[in-house]
Amino acid sequence: MSANSASSKPSNASKFIPILLIGIALVVGFYAPSFYSFIKQNKAFTSTAPKWDLSRYCALSTTTCQQNNVNITLDNDIVRPLDETHIKVEWPNQTSDKLMLTLRGLEMDLGVVKFPVLKQKDGSYQGSIVLPICTYTKMTWIGSLTDSHQQKIYTSVRMEK
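Under our numbering, residues 386 to 546 are what the sequence shown spells out, in order.
Rather than coming from a laboratory, the hints here were simulated on the basis of the structure. Think of the CB as a built atom: it goes at the ideal place given N, C-alpha and C, for glycine as much as any other residue. Incorrect hints may appear among the rest.
[Claimed, not checked] The following label-pair restraints were derived from C-beta to C-beta distances:
1. 469 - 508: 19 to 25 Å
2. 449 - 469: 17 to 23 Å
3. 468 - 406: 54 to 60 Å
4. 491 - 515: 14 to 20 Å
[Stated by the list, open to error] As a list, the in silico DSSO-like pairs of lysine-lysine whose alpha-carbon atoms are at most 30 Å apart:
5. 546 - 506
6. 537 - 499
7. 546 - 523
8. 546 - 473
9. 473 - 400
10. 473 - 506
11. 523 - 499
12. 483 - 400
13. 523 - 506
14. 523 - 473
15. 483 - 499
16. 546 - 499
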């Protein structure tokens with residue numbers, strides 16, 4: 386009988402655990418707003434990513450976009466994921482054999498994609514863009530068109546499913 390009666394009585398330790406948990410919850414609840422405010426205001430915890438100024442980017446489409454005397458045109462206004470889109474660049478007095486179009490997603494990080502844009506016999510540059518699929522229905526890709534001398538033209542491409 387003493388074995389059964391001992392097991393039916395709660396031990397002092399099991400009585401103490403709920404009280405301890407309630408105490409911890411009260412302390413955490415009391416200090417949580419202050420901790421949240423500290424985290425939000427502390428620069429070490431906030432994003433250092435720059436705010437993108439889209440006005441400095443040449444929005445690529447079927448309408449020729451000009452930046453620093455460089456003309457860029459796509460064969461589609463809206464790029465579709467996994468569909469090939471052609472780009473044509475007219476860069477006067479450019480001596481590079483190849484330009485590099487480098488893009489990254491603005492709304493969603495899908496990494497960096499690079500596309501070569503090759504010099505043609507007429508002096509223009511042409512290439513193809515095939516952007517990856519993402520879960521968003523609309524997305525903007527920003528980046529740059531760079532020559533072999535590291536001169537850059539800032540570009541943006543609008544993608545929709």
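Tested hints:
Separated by about 23 Å at the C-beta atoms, residue 469 and residue 508 satisfy the suggested range of 19 to 25 Å. Against the hinted window of 17 to 23 Å, the Cβ-Cβ separation of residue 449 and residue 469 comes to about 20 Å, which satisfies the hint. Checked against the hint of 54 to 60 Å, the pair residue 468 and residue 406 passes, with Cβ atoms roughly 56 Å apart. Hint check: residue 491 to residue 515, Cβ distance near 18 Å, so the stated range 14 to 20 Å holds.
Using a Cα cut-off of 30 Å, the hinted pair residue 546 and residue 506 is violated, with the two alpha carbons roughly 34 Å apart. Between residue 537 and residue 499, the direct Cα distance comes to roughly 14 Å. Compliance with the 30 Å bound is thereby established for this hinted pair. A C-alpha spacing of about 7 Å is found between residue 546 and residue 523, which places the hinted pair at or below 30 Å, so the restraint holds. Simply put, residue 546 and residue 473 have alpha-carbon atoms about 23 Å apart, close enough for the 30 Å limit, and the pair holds.
With a C-alpha separation of about 76 Å, the suggested pairing of residue 473 with residue 400 is violated against the 30 Å cut-off. Only pairs whose Cα atoms come within 30 Å are accepted, and residue 473 paired with residue 506 is accepted, the gap being roughly 13 Å. At roughly 20 Å between alpha-carbon atoms, residue 523 and residue 499 fall within 30 Å of each other, so this suggested pair holds. Between the alpha carbons of residue 483 and residue 400 the distance comes to roughly 75 Å, so the proposed pair goes past 30 Å and is violated.
Taken as a hint, the residue 523 and residue 506 pair is broken in the structure, with Cα atoms around 36 Å apart against an allowance of 30 Å. At most 30 Å may separate the alpha-carbon atoms for a hinted pair to count; residue 523 and residue 473 meet this at roughly 23 Å. Restraint check for residue 483 and residue 499: the C-alpha separation of about 12 Å stays at or below 30 Å, so the hint holds. Distance hint between residue 546 and residue 499 is fulfilled; the C-alpha atoms sit about 20 Å from each other, no more than 30 Å.
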